[in-house]
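Asks: This is what each chain is made of:
There are 4 protein chains.
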Amino acid sequence: MATHRLDEAAAGVYIISATPFSENGALDLDSAARLVDFYIDKGVTGITILGMMGEAPKLSPEESEKFLCAILDYTDGRVPIVVGVSHAGLGNLVSLARISMDKGAAGVMVAPTSGLGTDDKIYNYFSQVFTALGDEIPVCYQDYPYATKSETSVAVFNRLVTDFDQLVMLKHEEWPGLTKITQVRQTAEQQGIRRVSILVGNGGLYLPQELQRGVDGAMTGFAFPEMLVEVVRLHQAGEVDKAEDLFDAYLPIVRHEQQPGWGLAVRKEILHRRGVIAAPKVRAPGPVLTATDHAELTRLMNRLEKNLEEL
Amino acid sequence: MATHRLDEAAAGVYIISATPFSENGALDLDSAARLVDFYIDKGVTGITILGMMGEAPKLSPEESEKFLCAILDYTDGRVPIVVGVSHAGLGNLVSLARISMDKGAAGVMVAPTSGLGTDDKIYNYFSQVFTALGDEIPVCYQDYPYATKSETSVAVFNRLVTDFDQLVMLKHEEWPGLTKITQVRQTAEQQGIRRVSILVGNGGLYLPQELQRGVDGAMTGFAFPEMLVEVVRLHQAGEVDKAEDLFDAYLPIVRHEQQPGWGLAVRKEILHRRGVIAAPKVRAPGPVLTATDHAELTRLMNRLEKNLEEL
Amino acid sequence: MATHRLDEAAAGVYIISATPFSENGALDLDSAARLVDFYIDKGVTGITILGMMGEAPKLSPEESEKFLCAILDYTDGRVPIVVGVSHAGLGNLVSLARISMDKGAAGVMVAPTSGLGTDDKIYNYFSQVFTALGDEIPVCYQDYPYATKSETSVAVFNRLVTDFDQLVMLKHEEWPGLTKITQVRQTAEQQGIRRVSILVGNGGLYLPQELQRGVDGAMTGFAFPEMLVEVVRLHQAGEVDKAEDLFDAYLPIVRHEQQPGWGLAVRKEILHRRGVIAAPKVRAPGPVLTATDHAELTRLMNRLEKNLEEL
Amino acid sequence: MATHRLDEAAAGVYIISATPFSENGALDLDSAARLVDFYIDKGVTGITILGMMGEAPKLSPEESEKFLCAILDYTDGRVPIVVGVSHAGLGNLVSLARISMDKGAAGVMVAPTSGLGTDDKIYNYFSQVFTALGDEIPVCYQDYPYATKSETSVAVFNRLVTDFDQLVMLKHEEWPGLTKITQVRQTAEQQGIRRVSILVGNGGLYLPQELQRGVDGAMTGFAFPEMLVEVVRLHQAGEVDKAEDLFDAYLPIVRHEQQPGWGLAVRKEILHRRGVIAAPKVRAPGPVLTATDHAELTRLMNRLEKNLEEL
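Protein chains in written order, with the working numbering: chain A, 346 to 656; chain B, 346 to 656; chain C, 346 to 656; chain D, 346 to 656.
Read the hints as simulated data drawn from the structure, not as lab findings. Certain hints may be false.
[To be verified] Ranges of calculated distance between the beta carbons of each label pair, as one might list FRET restraints:
{"id": "1", "chain 1": "D", "residue 1": "405", "chain 2": "B", "residue 2": "387", "range": "52 to 60 angstroms"}
{"id": "2", "chain 1": "A", "residue 1": "477", "chain 2": "B", "residue 2": "605", "range": "19 to 27 angstroms"}
{"id": "3", "chain 1": "A", "residue 1": "587", "chain 2": "B", "residue 2": "459", "range": "40 to 48 angstroms"}
{"id": "4", "chain 1": "B", "residue 1": "492", "chain 2": "C", "residue 2": "374", "range": "47 to 55 angstroms"}
{"id": "5", "chain 1": "C", "residue 1": "492", "chain 2": "B", "residue 2": "605", "range": "21 to 29 angstroms"}
{"id": "6", "chain 1": "A", "residue 1": "643", "chain 2": "C", "residue 2": "651", "range": "37 to 45 angstroms"}
{"id": "7", "chain 1": "D", "residue 1": "405", "chain 2": "B", "residue 2": "405", "range": "51 to 59 angstroms"}
[Said to hold, decoys possible] Simulated coverage check for chain A against chain C, where a stretch passes if three residues somewhere in it have a Cβ under 8 angstroms from a Cβ of chain C:
{"id": "8", "stretch": "363-373"}
{"id": "9", "stretch": "404-412"}
{"id": "10", "stretch": "510-524"}
{"id": "11", "stretch": "552-561"}
Even glycine gets a Cβ: it sits at the ideal position worked out from N, Cα and C.
Generate the whole structure from the sequences, applying the supplied hints.
Replies: Written out as structure tokens, the structure is:
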């Protein structure tokens with residue numbers, strides 16, 4: 346039933362979807378449907394669900410599966426869906442991956458488990474993952490050491506790309522990480538290693554620089570997806586300066602929303618103000634915005650409007 | 346249906362149960378039943394399941410519930426059962442706690458979420474937990490900073506004890522942590538704070554010293570539970586030296602088994618060799634013992650036998 | 346000889362000074378003198394030396410003292426100098442503080458040692474520090490959990506402010522940390538706690554928001570100090586929008602330079618290009634910019650110029 | 346003047362020397378001289394100074410050099426001295442290493458800087474270190490991830506051994522780490538890599554197992570060095586069981602002293618009680634033993650005496 350399959354040519358914006366809850370904390374599938382329409386309407390290439398910023402670890406297993414099915418059904422093949430399936434147990438990871446693919450996902454995203462401190466530990470973990478998943482499920486490698494406490498060297502990433510064809514995408518969010526992007530591209534070219542897709546995270550904070558270094562797009566959850574889409578489009582069309590001008594107009598909010606943990610409440614509040622999700626609720630334990638935070642955000646959003654008019 | 350309820354008077358040995366798997370990785374409920382009989386036969390006061398060393402995070406949700414029900418049914422009130430319910434999402438934590446209590450658990454165990462770096466963060470998190478659980482569910486506080494990266498000061502623990510009656514037990518496994526035990530006991534006495542039960546973890550590595558400092562017993566998973574039981578019994582009977590002599594005979598293996606992560610494979614291998622669980626399997630990703638590791642363990646177990654003969 | 350003394354009224358920009366080295370890695374005191382003139386010329390209120398971003402830990406003790414004396418002599422009272430004196434040993438901390446004050450420093454900056462995980466550990470550490478320093482040395486509290494792995498709650502900070510008059514300034518660089526600024530200001534006002542100076546770090550990434558929440562200025566090392574100075578001045582003059590407009594023009598570079606570790610090489614390269622320091626050298630082990638990094642920075646600096654023209 | 350040079354054949358016990366302070370915190374060189382005599386009298390092969398447990402980071406630079414010279418002068422070639430020279434700045438590391446060798450040290454010990462998360466980061470750091478030190482200074486690699494937050498894979502250690510002849514010794518204190526010892530020995534043998542000396546740390550907690558896996562001795566600071574010396578000697582003489590029997594008699598105190606941070610106060614108290622150092626002082630910030638702690642230690646030391654009589 347999969348009308349899409351993630352591969353090395355993937356480019357554009359795979360938006361990290363928020364997971365909407367009603368004020369009482371229940372999963373809000375109506376808002377989820379509106380979110381899908383909103384994202385597609387803004388021009389995203391794909392949607393990634395059940396990522397860390399999607400509050401996946403706070404869902405019950407039944408909720409995860411319900412949400413997964415609802416999104417895949419509602420999207421109905423309009424854009425590819427990638428599903429975050431990282432889990433402490435390999436069996437659970439595989440099981441969630443199989444369900445996702447059966448329901449029509451385009452691929453899955455896996456981060457290293459926590460605290461893998463050497464290249465061999467990284468390699469062995471992913472070797473187990475790829476073997477257990479089999480070679481039919483395309484995998485996006487989530488490289489996010491800030492959250493996982495596991496670093497991935499260019500050398501070991503290249504070893505994995507060489508040994509496992511199902512590894513087709515790098516979600517890059519090491520920080521600082523600009524140099525690494527260049528190294529992945531250069532070593533691939535110079536050593537004849539397969540070129541995989543690279544999409545960047547970190548809230549998009551360095552998107553213009555990263556595009557200029559050769560990435561294919563973004564995989565992050567910024568609450569103004571139209572900016573990500575247009576910046577990538579302009580860049581690909583060769584309008585590098587114009588892409589960066591547009592990006593810079595949004596940068597004050599990109600920076601504001603990218604504060605780890607707390608920024609999720611900002612992101613949901615923006616999506617709520619834009620009329621997409623019914624409530625800005627972050628599940629407990631999680632941040633709650635104060636009146637000061639609200640006023641600050643209002644000011645930043647007003648300034649954004651002014652920036653865009655002046656562009 | 347609960348014939349037991351955890352309270353401040355809890356003492357003795359609450360063994361942390363292993364979760365048995367067959368060689369192919371499937372949950373092995375026959376071995377689980379044998380484990381329950383084995384633990385009870387060795388004289389434990391209670392059993393704690395779904396703890397970190399019980400590989401809880403590697404179970405699927407269905408498996409967790411299945412295991413939970415199987416253990417509670419099979420134990421059938423012979424000893425109290427405590428269930429580890431820590432979870433990234435508060436809703437999931439509460440839901441697992443309710444199921445556990447409905448099925449007859451005596452109480453639940455909760456650790457702070459990861460990275461709570463101040464007293465107020467600890468207090469606020471547990472305040473949310475206790476409020477969400479309600480005051481009918483007795484709670485054991487798992488204080489294990491090595492795993493959670495969250496430290497709990499004596500001051501904030503006492504605040505929680507004062508404000509929440511359902512907090513009846515401290516599972517102490519800060520390391521080093523001898524001083525903290527003394528401080529919890531002394532501040533309770535001097536400030537009129539409610540005296541809670543303290544059971545110690547860390548594989549039991551400092552059990553005699555901890556008993557001498559006023560703890561009520563152990564909550565850990567050592568593969569020779571009869572030692573823990575007898576050491577606590579002798580200590581309570583005033584035979585402090587004899588308790589420590591017995592402990593010291595086992596200390597080489599206590600120390601061997603207490604190596605974080607790796608030690609779980611040792612523990613399961615011992616339980617397997619003792620005929621309790623069918624396979625020593627640790628779920629992937631996890632350690633696998635080599636021939637050298639096996640020979641080393643054999644040697645340590647032989648030396649233990651000699652030690653016990655000489656006692 | 347101190348013509349300045351740090352106190353609670355401190356406001357404006359205390360620039361974190363780079364420590365210049367020649368290409369062979371030797372301390373470059375000529376460049377250091379040019380840096381002082383440059384900073385003063387750009388309008389800073391004060392200068393902070395031997396901070397973490399100043400590569401203090403890479404200096405030999407003789408070099409630290411030499412650099413300290415050279416800066417204080419050369420500045421000659423034109424602006425107050427704050428000296429970072431954090432050290433693993435309390436004796437060394439006190440000794441460096443005394444030398445600094447004898448040479449004419451306005452105060453010292455101290456961060457918690459690494460890994461203080463509870464409020465009482467923070468309090469006890471600083472209680473020792475303040476007692477050892479005596480009440481004659483004004484102290485700036487460096488709150489930088491990203492580097493120190495020690496968090497400071499508002500509650501414990503207020504306890505320290507209440508108990509130790511020499512604590513006159515908070516260098517705030519918790520991240521995320523906007524809420525904390527508001528809480529420090531609010532609890533001070535509502536509970537009658539002494540109001541201390543708050544200067545912000547984090548490369549200035551949230552400076553407009555932080556000023557709007559009541560901070561008194563910045564203490565960071567951005568390579569365009571004139572921006573920090575002017576933003577604070579405009580804000581204090583009530584021109585809040587104009588302050589933020591100016592800030593936003595620099596934000597792409599603020600963000601670029603604020604990448605931890607790597608950003609120091611960018612900062613020194615900019616200071617080098619601006620003709621202030623002879624070499625952009627970061628001492629080993631440390632980052633080295635590639636040709637790609639250089640071209641990227643050139644582009645960002647050119648865009649900044651355009652932004653400023655359009656302002 | 347060096348009468349010794351560390352090389353791959355090094356074996357036995359290199360005791361990690363405490364750094365003695367008088368009650369007021371001053372460096373106590375008389376006690377240091379008594380320590381040297383005590384260690385040599387107990388049969389150690391060598392002495393390691395300025396290690397992490399030697400409170401090196403709490404010394405002022407002048408004190409470090411003074412202590413270094415005093416120990417080397419007083420020892421006067423009776424046993425080889427290894428000097429811990431780890432430092433955040435490469436220049437300082439090299440400078441301390443040169444002073445040490447000039448004064449007659451047998452070699453230096455270097456740990457990775459903090460947070461090197463990939464094999465290449467480890468390799469590049471040590472490549473810089475070895476190049477800067479030159480090939481005339483023998484180096485012991487301190488592998489202590491608990492303190493450094495940097496893991497060293499067997500693969501990268503072997504790369505370093507292959508590329509740098511001055512790397513002659515591994516101080517092994519990864520935990521858990523038994524498997525790693527076996528892997529280093531096996532890969533060396535199977536791949537023809539140079540065999541280096543391995544001495545173990547971790548307070549000696551697994552010394553018998555580690556000797557059985559092929560290490561050459563211990564480098565740790567246990568307050569009863571005679572046990573370490575005799576266990577290694579018996580093991581080398583083929584009396585493996587007798588070695589382990591002796592070790593087990595001391596194990597309760599080995600375990601007690603090995604508690605990180607706190608254990609240093611225990612170690613110094615024992616050395617004080619044994620009449621070696623004048624005061625058990627640990628420099629601030631550091632642990633102070635309470636009356637309860639003292640009584641507990643007395644009990645453990647009395648039990649040790651009984652154990653030894655019964656042996």
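Asks: Are the hints correct? Go through all of them and say.
Replies: For each hint, the structure was consulted:
1. At roughly 56 angstroms, the beta carbons of residue 405 of chain D and residue 387 of chain B sit within the given window of 52 to 60 angstroms.
2. Range check, residue 477 of chain A to residue 605 of chain B: Cβ separation about 25 angstroms, and the 19 to 27 angstroms hint holds.
3. Our hint of 40 to 48 angstroms for residue 587 of chain A and residue 459 of chain B holds, since their Cβ atoms are close to 43 angstroms apart.
4. Checked against the given bound of 47 to 55 angstroms, the beta carbons of residue 492 of chain B and residue 374 of chain C, roughly 49 angstroms apart, stay inside it.
5. At roughly 26 angstroms, the beta-carbon separation of residue 492 of chain C and residue 605 of chain B lies within the given 21 to 29 angstroms, and the hint holds.
6. Take residue 643 of chain A and residue 651 of chain C: their Cβ atoms lie about 29 angstroms apart, and the range 37 to 45 angstroms is violated.
7. Our hint of 51 to 59 angstroms for residue 405 of chain D and residue 405 of chain B holds, since their Cβ atoms are close to 57 angstroms apart.
8. Residues of the stretch 363-373 of chain A with a Cβ under 8 angstroms from some Cβ of chain C number 0, which does not satisfy the need for three, so the listed coverage is violated.
9. Counting residues of the stretch 404-412 of chain A whose beta-carbon sits less than 8 angstroms from any beta-carbon of chain C gives 0, not enough to reach three: the coverage restraint is violated.
10. Interface restraint, the stretch 510-524 of chain A with chain C: holds (4 residues with C-beta to C-beta distance below 8 angstroms; minimum three).
11. Closer than 8 angstroms: that is the beta-carbon criterion, and the stretch 552-561 of chain A has 3 residues meeting it against chain C, so the requirement of 3 holds.
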